[in-house]
Amino acid sequence: MTRKKKGKSKSKGISNLSNTILSILKKERNQTFNYKQIAAKIGVNDASSRNQIIKKLRDLQGKKEIEEVERGKFKAVINAEYHTGILDLAAKGNGYIICDDFEDDVFIASNNINKALNGDEVEFYAYKRRVRGKMEGEITNIIKRAKSEYVGVIQIHEKKNFAFVVCDSNKMYKDIFVPINKINKAEDGDKVLVSLEDWPEKSDSPNGKVLKVLGKPGEHNTEIHAILAEYGLPMEFPHEVEEFANNIDTTITEEEISKRRDMRKDLTFTIDPKDAKDFDDALSFEVLDNGLYEIGIHIADVSHYLQEGTILDDEAYERATSVYLVDRVVPMLPEVLSNNACSLRPHEEKLTFSAVFQMNDKCEIKNEWYGRTVTYSDARFAYEEAQALLKATQITFLKKFR
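Counted the way the UniProt record's numbering counts, the sequence shown spans residues 1 to 402.
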């Protein structure tokens, strides 16, 4: 006769109960649990198991591994070292923090993002993941928001007196709530620029207001303005910056020329798109008496006009570079500089900074020089014209300018 196997009680089936409880509390660090909730998480409901859980909770509290936040409710005590870094969000809501304290980026699960947004500077603590032992963390504080303005399509719920902006960026994981009195005359389906105002603690979405209506999605001007707005690219300069630039003396004096290498007699030309308005760089070419070829690469000497610490310098620093879109340019400098004094236009003397090297017919560099120069552009080429000249003979090329 086969004996019946003795059934194991659920209470004895809970292995390593203290670690199981700690694991539950640490996994959801911002939550508090009573013994019934922990029992439900473990999957037990008999009185014996619950009594064991109560006992273990008191043991862990005595060891200061957990704390009783309110009567009968516990949370884990996190003795963690805090770090700061920049959050890089993935499209699915998880992210990584770039931090100098760690060799590798620290993984942040979506439930531990805690309302931080892509690019934010955040405070976090890190711990080793159970899988593969890599570092994982939880964000505890947002030190500085990376941006406060977003582009998206507005969805208006007129009967409920509110709207949501669905952001274009796949790294913005929440729609932005906009009260009906802050939609700024936007119509349902418009593409808008919205400002993030606050994010209440118990709210699932941040609050915002519409700053500007960009137009209907898909239209050329709308999408161009959306790009400008999304990346914070200002088309216009502040009035005081324009005024400052207009008052700069752009005269090239003999005194300034005497401080530079004079290359005005060297054959010099620019190569740019047909519709270019500013010519940032130029090439020069000379055949020397010793048979070497001298090549000069020249850029406008912006530093001559841009004095450190001025409002113009601050504006240029913020913009960092000129941005070229399909049908327009967002310049780093006001037009009086970008399209005039710092543009190497044909038949004009310009202050430049140059790299000059000499090479033989085997393209071996024999000499090189770097420094401030004054140049004179003999011609302006479009790319198509330059390509046509490459097919011509050297004599034809030189005769065009000599």
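Rather than coming from a laboratory, the hints here were simulated on the basis of the structure.
Treat the hints loosely; a few may be bogus.
[What the hints assert, rightly or not] The calculated lysine to aspartate or glutamate pairs, modelled on EDC-like cross-linking and capped at a C-alpha distance of 16 Å, are:
| hint | residue 1 | residue 2 |
| --- | --- | --- |
| 1 | 265 | 275 |
| 2 | 362 | 294 |
| 3 | 171 | 187 |
| 4 | 144 | 168 |
| 5 | 212 | 188 |
| 6 | 212 | 230 |
| 7 | 55 | 65 |
| 8 | 216 | 187 |
| 9 | 147 | 187 |
| 10 | 216 | 201 |
| 11 | 259 | 301 |
| 12 | 115 | 201 |
| 13 | 26 | 88 |
| 14 | 265 | 348 |
| 15 | 209 | 188 |
| 16 | 147 | 197 |
| 17 | 209 | 197 |
| 18 | 73 | 59 |
[Stated by the list, open to error] Pair by pair, the computed Cβ-Cβ distance ranges are:
| hint | residue 1 | residue 2 | range |
| --- | --- | --- | --- |
| 19 | 69 | 212 | 25 to 35 Å |
| 20 | 317 | 217 | 51 to 61 Å |
| 21 | 357 | 82 | 27 to 37 Å |
| 22 | 166 | 262 | 52 to 62 Å |
| 23 | 201 | 40 | 23 to 33 Å |
| 24 | 323 | 357 | 22 to 32 Å |
| 25 | 326 | 363 | 35 to 45 Å |
| 26 | 110 | 40 | 43 to 53 Å |
| 27 | 357 | 322 | 18 to 28 Å |
| 28 | 171 | 70 | 12 to 22 Å |
Beta carbons are placed, not taken as given, at the ideal position from N, Cα and C, and that holds for glycine.
The hints, checked one at a time:
Only pairs whose Cα atoms come within 16 Å are accepted, and residue 265 paired with residue 275 is rejected, the gap being roughly 27 Å. Using a Cα cut-off of 16 Å, the hinted pair residue 362 and residue 294 holds, with the two alpha carbons roughly 13 Å apart. A threshold of 16 Å between alpha carbons decides the hint, and for residue 171 with residue 187 the separation of about 25 Å lies outside it, so the pair is violated. A C-alpha spacing of about 22 Å is found between residue 144 and residue 168, which places the hinted pair above 16 Å, so the restraint is violated.
Note on residue 212 and residue 188: the hinted pairing holds, with a Cα-Cα distance of about 14 Å set against a maximum of 16 Å. A hinted pair counts as satisfied when its Cα atoms are at most 16 Å apart, and residue 212 with residue 230 qualifies at roughly 12 Å. The straight-line distance between the Cα atoms of residue 55 and residue 65 is roughly 14 Å, inside the 16 Å bound, and the hint therefore holds. A distance of roughly 9 Å separates the Cα atoms of residue 216 and residue 187; the hinted pair therefore holds under the 16 Å criterion.
Under the criterion of a C-alpha separation no larger than 16 Å, the hint pairing residue 147 with residue 187 is inconsistent with the structure, at around 25 Å. The straight-line distance between the Cα atoms of residue 216 and residue 201 is roughly 33 Å, outside the 16 Å bound, and the hint therefore fails. Annotation: proposed proximity of residue 259 to residue 301 holds, straight-line Cα distance about 13 Å (limit 16 Å). Our distance criterion of 16 Å between C-alpha atoms is met by residue 115 and residue 201, whose separation comes to about 9 Å.
For the hint linking residue 26 to residue 88, the alpha-carbon distance of about 24 Å lies beyond 16 Å, and the restraint is violated. Between residue 265 and residue 348, the direct Cα distance comes to roughly 12 Å. Compliance with the 16 Å bound is thereby established for this hinted pair. As the CA atoms of residue 209 and residue 188 are separated by approximately 15 Å, the hinted pair is consistent with the 16 Å bound. The hinted pair formed by residue 147 and residue 197 meets the criterion: a straight-line CA distance of about 11 Å does not exceed 16 Å.
For the hint linking residue 209 to residue 197, the alpha-carbon distance of about 7 Å falls within 16 Å, and the restraint holds. Distance restraint check for residue 73 and residue 59: the Cα-Cα separation of roughly 14 Å lies within the 16 Å cut-off, and the hinted pair is therefore satisfied. For the pair residue 69 and residue 212, the supplied restraint of 25 to 35 Å is violated, since their beta-carbon distance comes to about 45 Å. At about 34 Å, the CB distance of residue 317 to residue 217 disagrees with the hint of 51 to 61 Å.
At about 52 Å, the beta-carbon gap between residue 357 and residue 82 misses the expected band of 27 to 37 Å. Checked against the given bound of 52 to 62 Å, the beta carbons of residue 166 and residue 262, roughly 60 Å apart, stay inside it. A hinted range of 23 to 33 Å for the beta carbons of residue 201 and residue 40 is consistent with their spacing of about 26 Å. Distance hint for residue 323 and residue 357: a CB-CB separation of about 31 Å, consistent with the stated range 22 to 32 Å.
Separation of residue 326 from residue 363 is about 36 Å and conforms to the stated range, judged on CB atoms against 35 to 45 Å. At roughly 23 Å, the beta-carbon separation of residue 110 and residue 40 lies outside the given 43 to 53 Å, and the hint is violated. Range check, residue 357 to residue 322: about 27 Å between beta-carbon atoms, so the 18 to 28 Å window is met. Between residue 171 and residue 70 the CB atoms are about 37 Å apart, so this pair departs from the stated range of 12 to 22 Å.
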